[in-house]
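Work out the full structure: start from the sequences and follow the hints.
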Amino acid sequence: MEVSDIEIYWRETDGPLTFFKGRARVGSSSIEFDGLLFQSVGGPNVNVKLSEESSRILSSSGFNEEQLLNLEVELQLKIIAGDLVMAGAKDER
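Per my numbering, numbering through the sequence shown is continuous, rising by one, with the last residue being 93.
Please keep in mind that the hints were generated in silico from the structure rather than gathered at the bench.
Backbone N, C-alpha and C fix where the C-beta goes; we use that ideal spot for every residue, glycine too.
Fair warning: there could be bad hints in the mix.
[As the list claims (entries may be wrong)] Result set (EDC-like, lysine to aspartate or glutamate): computed pairs, CA atoms no more than 20 Å apart in a straight line:
(1) Lys78 with Glu66
(2) Lys78 with Glu32
(3) Lys21 with Glu52
(4) Lys78 with Glu2
[Stated by the list, open to error] What follows is a set of in silico ranges between Cβ atoms, one per label pair, in the way DEER data are often shown:
(5) Val41 with Gly62: 39 to 45 Å
(6) Glu53 with Val85: 17 to 23 Å
(7) Val41 with Leu77: 18 to 24 Å
(8) Ser59 with Pro16: 30 to 36 Å
(9) Gly15 with Gly62: 37 to 43 Å
Okay, structure coming up:
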């Protein structure tokens, strides 16, 4: 399934690390995720983890463990590419 409508609604920066929360659409489901962005010599790196509830919802829709992991990778790639909306996410310090 295609990931669309990625929205980051919260972020907090602590030095080179930025923690964030977001949501996206996968088919007809709205999912939530937590993420971490960190700068490195080669450029930014992103790690995304689906919320437990979102994993449960997608699993009950037929997603297996491998498909859930692939979905997290797709989210990471789209975020790195800038395919998202910052929905009023203010940096919490």
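So, going through the hints one by one against the coordinates:
As the CA atoms of Lys78 and Glu66 are separated by approximately 18 Å, the hinted pair is consistent with the 20 Å bound. Proximity of Lys78 to Glu32 is assessed by CA-CA distance (about 15 Å); at most 20 Å being required, the pair is judged to hold. Pair hint Lys21 plus Glu52 holds up; C-alpha atoms about 13 Å apart against a cutoff of 20 Å. Restraint check for Lys78 and Glu2: the C-alpha separation of about 11 Å stays at or below 20 Å, so the hint holds.
As the Cβ distance of Val41 to Gly62 is approximately 40 Å, the hint placing it in 39 to 45 Å holds. Remark: the range hint 17 to 23 Å for Glu53 to Val85 is upheld by a beta-carbon distance near 22 Å. For the hinted restraint 18 to 24 Å between Val41 and Leu77, the CB-CB distance of approximately 20 Å keeps it satisfied. In this structure the supplied range 30 to 36 Å holds for Ser59 paired with Pro16, their Cβ-Cβ distance being about 34 Å.
For Gly15 paired with Gly62, a C-beta distance near 41 Å keeps the hint of 37 to 43 Å intact.
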